[in-house]
Every structure is written in structure tokens, then in C-alpha cells.
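*Asks:* Chain by chain, the residues:
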Amino acid sequence: MKIALDIFTIFSVMAGAFFFLAGTVGLLRFPDPLTRLHALTKADNLGLGLVVLGLLPQTHWPLDTIKLIAIWLFALLAGATVGQLMACTARRGGGQPK
Amino acid sequence: MTMPDFLLSAAAFVLVMVALGLIRILRGPEDVDRMMAAQLFGSGGIAALLLFGVATEAKAVIDVALTLALLAAFASVAFVQGISRPDSDDTQETRDE
Amino acid sequence: MTLALAVDIGLALLILAMAAWTIAVRDTFASVIGFVTYGLLLTLVWVRLALPDVALTEAAMGGGLTGALLIGAAARLRRTEATVRERPGVFTRTLAAVLSATVTAALSFCVLNLPDPAPTLAPGAAAKLGSTGVGNPVTAVLLAYRSMDTLLEAIVVLIALFGVWSLAHDRFWGGCPQLRTHADSEGILAYFARILPPIGIIVGVYIFWIGADFPGGKFQGATILAAMWLLVIGAGLAHFPPVSQAWLRILLVAGPLVFMAIGFAGIVTAGAVFAYPDGFAKPLILAIEIALMPTLVLALALLVAGAPQRMPPQ
Amino acid sequence: MNGPTLFGLCAAALIGFGLYGLIVNPQPLRKIIGFNIIGSGVFLLFGTIARRGAAAGMGGDPVPQALLITGIVVAFSATALAVALLLRLFDEGGVVTLVSEASPTEAKADPPDA
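Residue numbers (the working numbering), protein chains in the order written: chain D, 285 to 382; chain L, 3 to 99; chain X, 848 to 1161; chain F, 7 to 120.
Bound conformation, chain D alone (with noise of 0.2 Å):
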């Protein structure tokens, strides 16, 4: 059973680090700001979230478990609201354009 768990950490992991690499590979690569907006936020939903999970089994039940779903639960609900205000103002020309 410990096996498993272990096995499912690194594999949960490990993906969630390969959505952070994505992350960063479209905030450089991606052409303009509303696709490195969808690169941006699948790095803090996925990604995190990934961490989180593959971290569950590893912690103590039940303060910290609670405290790394909450972490996730307050990524989740920044990332979106963050990602529509950015929109916004990506869509009105960024700011001050340069």
C-alpha cells in the first residue's frame, strides 16, 4: 500500500512539474498575451493542483491535508478570477503600450 501511494506521488509529481515546463514554455513562446493568459493559468490549475495531489498521501491527516486542498481551492478561485481581469485588460491594449 505504502508502495503505491509512493508511486502515485511521483507520477502525480512529476506531471504537475511537466504542466509547470508548459507553463513557462508558452509564457515565452506563445505570440500574444491572451495565449500566454491560457499558458499562465494551466500551470496554476494543473500544475499546482497535480503537486497538491501527488503530495496528499505523503501528509499528515487531517490539518495538513486540509491545508493543501485549501492551498489548490485558493489557486483555483485566483487563477480564474485573475485570468478574466487580465483578459480584460489585455484586451483593452495591456496597459501602456511601449
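Worth flagging that the hints you see were computed from the coordinates, not collected in a lab. There's no promise every hint is true.
To be verified - 30 Å max Cα-Cα, derived DSS-like pairs, lysine-lysine:
{"id": "1", "chain 1": "D", "residue 1": "K326", "chain 2": "D", "residue 2": "K351"}
{"id": "2", "chain 1": "D", "residue 1": "K351", "chain 2": "D", "residue 2": "K286"}
{"id": "3", "chain 1": "D", "residue 1": "K351", "chain 2": "L", "residue 2": "K61"}
{"id": "4", "chain 1": "L", "residue 1": "K61", "chain 2": "X", "residue 2": "K1129"}
{"id": "5", "chain 1": "L", "residue 1": "K61", "chain 2": "D", "residue 2": "K326"}
{"id": "6", "chain 1": "D", "residue 1": "K286", "chain 2": "L", "residue 2": "K61"}
{"id": "7", "chain 1": "L", "residue 1": "K61", "chain 2": "X", "residue 2": "K975"}
{"id": "8", "chain 1": "X", "residue 1": "K975", "chain 2": "X", "residue 2": "K1129"}
{"id": "9", "chain 1": "D", "residue 1": "K351", "chain 2": "X", "residue 2": "K1129"}
Assemble chains L, X and F onto chain D, guided by the hints.
*Replies:* Same frame as chain D, now just chains L, X and F:
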């Protein structure tokens, strides 16, 4: 490779990734892009802190990550509010595309 | 061990690069964004240095209040800052660079020659920890061993707030501070500001409460609560009260006053100023912390809000 | 070389950077940021000393840690006051710069380079 070693390596990897994303802060070209890089760095930092905290059994680190996650949107919200001027062209936002 | 050192070196290089960019970049707004990221990096450094209490303070301050304060100011000053393009000439810059490099070199010399073994007060702090009734040595230092510092700090925060208020125009004296908001009450921001604060208040109170025995405490908790209040106001769901309100002023001074009263009562009950009578240390520390909490929340949030800018509607 | 020494040297460099920014940047808001970077460098130096004082089962000397927490809050208060002063200056004159038209001779004697 033990579990703590793996988690620490993963933390280092995530940190390197989002740190590379900071190149977007240097390049811009617009402030929105810079703020996005800062936001990505924020979530990457939270993930790295969690991995680090679980790996070393440092419980307080999880509280630090909790605080950061709670305030994750704060700077971006202030940024969006600051950047859009209430006295100028906010009303035509949706039409001029 | 080598992995840890590699992470430390990477972190140090990253924070130096961020600081250099924040200073060198031409656009002020970009500089402020750089500074917010810099604060986050600093939080990671505190964690790497195994100072979680400081990391929590930095996370709450740097992530919440400082960013909001500087970004708000940069937004208001935007037009003028853009016009200032001139920089000091080569001579001034060279002189500044030489001066800075000298300071850095001198400090580096000091760092490399710090006494070894390092002097520490940790054993002394640990020895008396039992008599204070708290488990977190940092909280014990803040509220038992060196409580005078903490009292003066709370007073400094208040004085800064009075300084900010005194910068209001005469016609707005006693009025309401204002944040830059233009949010509609149906927008995503208003939704966010309705969902997050209830949970955020729980987290803030939790961080405050565990401060007795684990990393955390009133400054960190108060910063989180202040950030939540600012979020609600920033979304247009509430307004700052006029600074002339009696309840506001009473809460602002209540913390330091309770602190001082307990401190001076120590002369009678325990034979010294800021001494706690045997067996009462924990409840008295708790009383001080609870009294300081509203003071800090209000003062920190109002510091971000700035000087009063309008009169309350009659 | 160990962690605390590394971050101590990092702190020394940060103080130098901040000082340079404080002197060179003409915009007052940038000076405030430069000052904050100096402040964080000083805090980091203090943190190095706290970390080196690890003993008695604690990760660091608690006294400098407590002073650091105090310092961070006070630094924020001072920054808020500085920003408020700056905004009031802006409201009064509409301009915020510490160089420009006040000292045109200096600009001439010391021309901005390309």
C-alpha cells in the same frame, strides 16, 4: 532515491522552470505580460514550498504556502485596478477590438 | 547536501538579478512588478534560512500590502513618471557605483569575518521559555523578553498612520480614505471579494492563534486580515469609515494602551515594568495580543489606503 | 561556503544595488523602491546572523528573528508614509521629480550620456 530526495528535486525543477518564466518580466513587452510572469512565479513558488515543506517535514512551510496562496491574486488585482483608469476610456473597452 | 547548496546559489543569483533589474529598468510600473516578485523570492530565502516566522511575515507583507501600496501609487503617478526620462550623468553614476561597491565590499568583509562560533541568545531564550507559557520562542521574545520593542513598534505603526492622515487636504480632514476602484458589483472581482474573505479571515485568525506555539502570530495574522478588508473595499463592496469616527480611533489606540497598562501594572504585581506575575504570563500575553490585533489590522489597512480623499456622504 | 554565508554575501550585494538605485534613479517612487531593497538587504544580513545563531534545538536565534519581524512591519509603515508624502506632493504640484527644472545647470555641466 528516497522520497524526500525526489520531492526536493521536484521542488528545484519547478523553481527553475518558473524562474525561466521570469524572462518574460525582462522582455515584456507590456505590463500585462510582466504581471503574468509574476503570477506564474507565485504559483510555482507555492508548489516548490509545498514540495520542500513535505520533504523536510517542516510544517510551518505549509502555512507560508497557505498565506501566499491566499494572497496570490492580490498583486494582480491591484495591478488591474491601477492600470485601468476610471476617468478615461474604460467605457469603450469592449467595442474597440 | 550539494543539491541544497545548488538551490541556495540559484536562489541567491535569481534574487540579485531581480534586484538589479528592478533598479535598472526604465519604466516605473515594470519596476514595481519586479519588486513584488522580489518580495516572493525573499520569502523563499527566509524558508531556506529556516526562519519560518520571518517567512510568514514577508509572505503576508510582500504578497499583500506592499504590492498593493506601490502598485496603487505607481498607477496614480503614471503620467508624470513617464515624463521623467533624464538620468544623472556619467560622473554621478560612476560615483554612485563606486560608493555602492565600497559598501558592498565592506559588508562582505564583515560577513566573511563573523565570529565563529556565532554568539547566540537561543539557549537563554530556551531556558526561560517554560515560565512564559508560550511554546514559540519568537513570540516569547516579542511579548515577554523584549516586549518594550513590540510596544514601540505598535506605536510607530500608529505614528506613521497619523503622519499619513495629516497629509490630507484641509477640506477632507476627518474624511474617508479611498482606493482606486471602478468595479461593478456584478463583476468577477466582486465575486472573488465575496468568496475569499470569509475563508481568509479564518486563515488569518488561525495564523494568529497558532503563533503562541508555532510560527505565526499577531503581525502575520493582522496583515492577512488587513489584506482581506482591502480586497472587499477594492472590489467596491464596502468603503473606508471616516477617520474621525470615535470607534475607529478607540480601537486604534486600545492595543498600545492595554499593552502599557499591563506593562506598568507589572511594577506593582511583579516588581518591574513589563514583568508578568508568576503563573499569569500566558493569559496576560494573550490579552495583549488580542488587544493589539484590531489596532494592527486597522492601522495596516489604513496605511495602504492613504490620506483621506473625500468627505463622508451626509 | 554554506547557506548562511552565501545569503550574507547576497545581502551585502543587495544593499549595494539598493544604494545605487537610491542615488541614481530620479523618480521618487523608484527611490522608495531602492530604499526598500536596501532595507531587505539589511534584513537578510540580520537573518544570516539569526541563522548562524542556531542552537538549543532552534533553527535560528529567536532574538534577531523577533527584531526582523518588527523591522519588516516598521519598514512597511515607513514606506506607506513615504508614498503618502509623494502622492500629496503630486497633488500640490502635479510634478514629482527631484531633478528636472530645479537644476538645469547641473544637467548642462553633467550631460546625460547616450
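*Asks:* Taking the earlier hints as the rules, which of them does this structure contradict?
*Replies:* Checked against the structure, no hint fails, so every one of them is satisfied.
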